[in-house]
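Chain order of the listed sequences is A and B. Heads up: take any position in the first sequence, counting from 1, add 1403, and you land on my numbering. Heads up: take any position in the second sequence, counting from 1, add 253, and you land on my numbering.
Simulated from the structure, these hints should not be mistaken for laboratory data. Be a bit skeptical, because a hint or two may be false.
Once the Cα atoms are required to be at most 25 Å apart in a straight line, the calculated BS3-like pairs of lysine-lysine come out as [what the hints assert, rightly or not]:
1. K567(B) / K1551(A)
2. K1551(A) / K317(B)
3. K433(B) / K539(B)
4. K410(B) / K439(B)
5. K570(B) / K478(B)
6. K570(B) / K1551(A)
7. K478(B) / K672(B)
8. K478(B) / K439(B)
9. K594(B) / K317(B)
10. K553(B) / K468(B)
11. K393(B) / K567(B)
12. K1551(A) / K331(B)
Derived list of chain B stretches under chain A, where covered just means 3 residues or more per stretch with a C-beta under 8 Å from a C-beta of chain A [said to hold, decoys possible]:
13. 372-381
14. 435-443
15. 483-496
These numbers come from a predicted model, not from an experiment. We put the beta carbon where it would ideally sit given N, CA and C, even for glycine.
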Amino acid sequence: MTETLVRETVAEPPNRAAPPRRKRREDPGRGWRLYLPLGLYLLFTLVPFYWMLVFAFRPTGSTALVPWPITFEHFDTVWNDLGFGLFFRNSLLIGVGTLGVVSVLALAGGYALARFRFRGQRLFLLALLCTQFIPGAMMLIPLFVIFKGAGLLNSLTGLVVADTAFQLPLALILMSGFVRNVPVELEEAAMVDGCTRLRAFFAITLPQLRPALVAVGSFAFIGAWNNFLFALMFASRQDKFTLPVGLSYALGEFNTDFGALAAGGVVAAVPVVLVFAVVQRFLVQGLSAGAVKG
Amino acid sequence: MRIRGALAVALSLGLVLTGCSDAGGGSAGGNATITFWDNNGGPGRTPIYEELIKRFEQKNPEIKVEYVGVPSASVQQKYDTAIAGGSTPDVGGVTTSYLANMIGQGALEPLDDRVDAGPLKGKLLPNLVETVRQTAPDNKMYSLPSSGNLDVIWFRKDWFDEAGLTPPTTWDELVDRATKLTDVGKNRYGYTIRGGAGSVFQLLTEAYAYSGVEKFFDGTTSTVKDPANAELIRKVAELYKKATPEADVNNNYTQMVAQFTGGSVAMMHHNLGSYSDVTKALGTDKVGAITLPVGPSGKKTVVPNPTDGFAVFKNSKNPDAAWKFAEFLVSQESNSYWNEKVGQIPSNTDVRSEPWIEENQPVKMALGVLEDPATKIVPAPVYLPEYSSITKTDSEPAYQKVLLGQLSPQEFLTGLADKLTTAQQEWEARK
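Pulled out of the complex, with its shape left as it was, chain A reads as follows:
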């Protein structure tokens, strides 16, 4: 019996997994099988962007698939005739304003939610979550009336307030998760060494929350940057309109200026792409920290 067992053991290859692993490494088709579908998917994703660029850079009336010679006539139209210069400035101010207010409030609120226990805390968190189910369009008329009473119509401040109100709940939920991820013992150690809670927060916790701030701030900026409904409804003066409103100008009742629409799309997309290009490292880090450990 023992002999049989020994023989069987000897007859078995010492490591069954090793040869196939070598074989996989030598498989010449592996790259194709992986990268071909990925490449096709990438092409599929990029086609709308490609069309946007083609329409933006080729002359009116051209049906060429490659925009050559390149023309900037559509950019001239959107920037100078449609007023995208001003709309861009407005969108930027609203985006930065919302980013600033949301970041500060989310930081303070998120810290409080993570570090303190208070009556109704779970209910409050549930309420925050539930606000995400309410579409902005439903709140439009009540908000309009409130803003009118508060003198916030036709002002960029009003749009920052509206955008902040809609961005803040999610930002608070995310931020409280990020704060929970920072060990409370670090702060306690600082306080044992003589720091106040505020100083411990600024010296110890805040630097740890850098990825979180980038994540929350980016979402707030992009949310405000892309918001069409509030900008259209709360601003009734041309000089307070934003880029998404400007983009819809190119879609007329009877005619559509595809060149202007595409050029406007490029102008509107560039800051978002830049934001993601710069912060994506922090964003992934921040989101995964909040999602997995928070």
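Dock chain B against chain A, hints included.
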């Protein structure tokens, strides 16, 4: 520390830079500022209004006009929100498609007395005035009509010439031409069907042009299900995929126009609003327009498009200045300037004698139709609050089934007619 600094900068930037709220409108020191909302703002129309506002302010230095271009797709929602919030403009561009809704909310001033007391008395195209009046339960004029629009068939003159064909004058000829001009190998189709958004309104204009039925309602019963209307829909549906691109089942007007201007279809049913798009893309020498062909009855029946105009809002703090501006926009000079630029039918009858009318074949032809005593105008019941939901939400998917052969034209029209009849009966009961 750096984070703290960045936060402080961001917050202060946000609060300081955006803190530029200001009050609008009102009058100060005898000078009035009025707000004007353009219901179809964009690169094509905004510069025309800016020029007209400049001319108005030169003539009336005591009145300043603030222009706001509202994107056409959102204008109804913008007006509804402004009315609910009590923050409407002084003057606004409106079309008859949502005029009834605004009248129902009590937002607009009736303009009959002002028109009768001024230079526009007797100078407005009667068909357009009638279309505006029909939207109001009290038959008053709540909008000063400025432009008319008419459905036409745009066609490629060069393709017709190449094939030795003449433009169609009847629906059977249209079917014949569409079939002959189709060459799938060359990606050329004779016709394009609007099967997606906005399809049913367009289909009804075709059906009534074919059937010659002169009223939308017989009493309160909808005439939509008339067998002759069904016959036309069958003819159109039979063209689908044989003489039209297969994607037409989802076509909205943008896609239709893109197909036509892109050079893949020979004929397209749209309205005069496409004038600048089609002529810019193909040139005036390659494109022609004909009115919708007639059917076997030989009658010329026209379902008019929504009529554009200007409304004065009840909430206006300067109603006289607001009216003065609206009246200026429809004066001969302004109305001529505006309609020549956009290629639509001028509402001011004095513009008829302007030289540009003779040179603009589509507008001249459309004016001829509207002025012809033999033309029967069949206004669609856009005053019914349910009209839009019945013809769009309920009927557009049903029409797609007709195109795909899953529903018969007569069944489709019977369903549509029943809903319209119910809505009309409720409207009459509320009057």
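Going down the list of hints, with the structure as the test:
1. A C-alpha spacing of about 18 Å is found between K567(B) and K1551(A), which places the hinted pair at or below 25 Å, so the restraint holds.
2. With a C-alpha separation of about 23 Å, the suggested pairing of K1551(A) with K317(B) holds against the 25 Å cut-off.
3. In summary, the hint linking K433(B) to K539(B) is supported, as the alpha carbons are separated by about 18 Å, within the 25 Å threshold.
4. Only pairs whose Cα atoms come within 25 Å are accepted, and K410(B) paired with K439(B) is accepted, the gap being roughly 18 Å.
5. Restraint check: the Cα-Cα separation between K570(B) and K478(B) comes to about 48 Å, which exceeds 25 Å; the hinted pair is violated.
6. Under the criterion of a C-alpha separation no larger than 25 Å, the hint pairing K570(B) with K1551(A) is consistent with the structure, at around 17 Å.
7. For the proposed pair K478(B) and K672(B), the alpha carbon gap of about 11 Å is at most 25 Å, so the pair holds.
8. The hinted pair formed by K478(B) and K439(B) fails the criterion: a straight-line CA distance of about 38 Å is larger than 25 Å.
9. Pair hint K594(B) plus K317(B) holds up; C-alpha atoms about 24 Å apart against a cutoff of 25 Å.
10. A threshold of 25 Å between alpha carbons decides the hint, and for K553(B) with K468(B) the separation of about 13 Å falls inside it, so the pair holds.
11. Between the alpha carbons of K393(B) and K567(B) the distance comes to roughly 15 Å, so the proposed pair stays at or under 25 Å and holds.
12. The suggested pairing of K1551(A) with K331(B) holds, with an alpha-carbon distance near 15 Å, which does not exceed 25 Å.
13. Only residues whose beta carbon comes within less than 8 Å of a beta carbon in chain A count, and the region 372-381 of chain B has 0; fewer than three means the coverage is violated.
14. With a cut-off of 8 Å between beta carbons, the region 435-443 of chain B has 0 residues touching chain A; three or more are needed, and the interface restraint is violated.
15. Check result for the region 483-496 of chain B against chain A: violated, 0 residues qualifying (beta carbon to beta carbon below 8 Å, three or more required).
Comparing the model with each numbered hint stated earlier shows that hints 5, 8, 13, 14, 15 do not hold.
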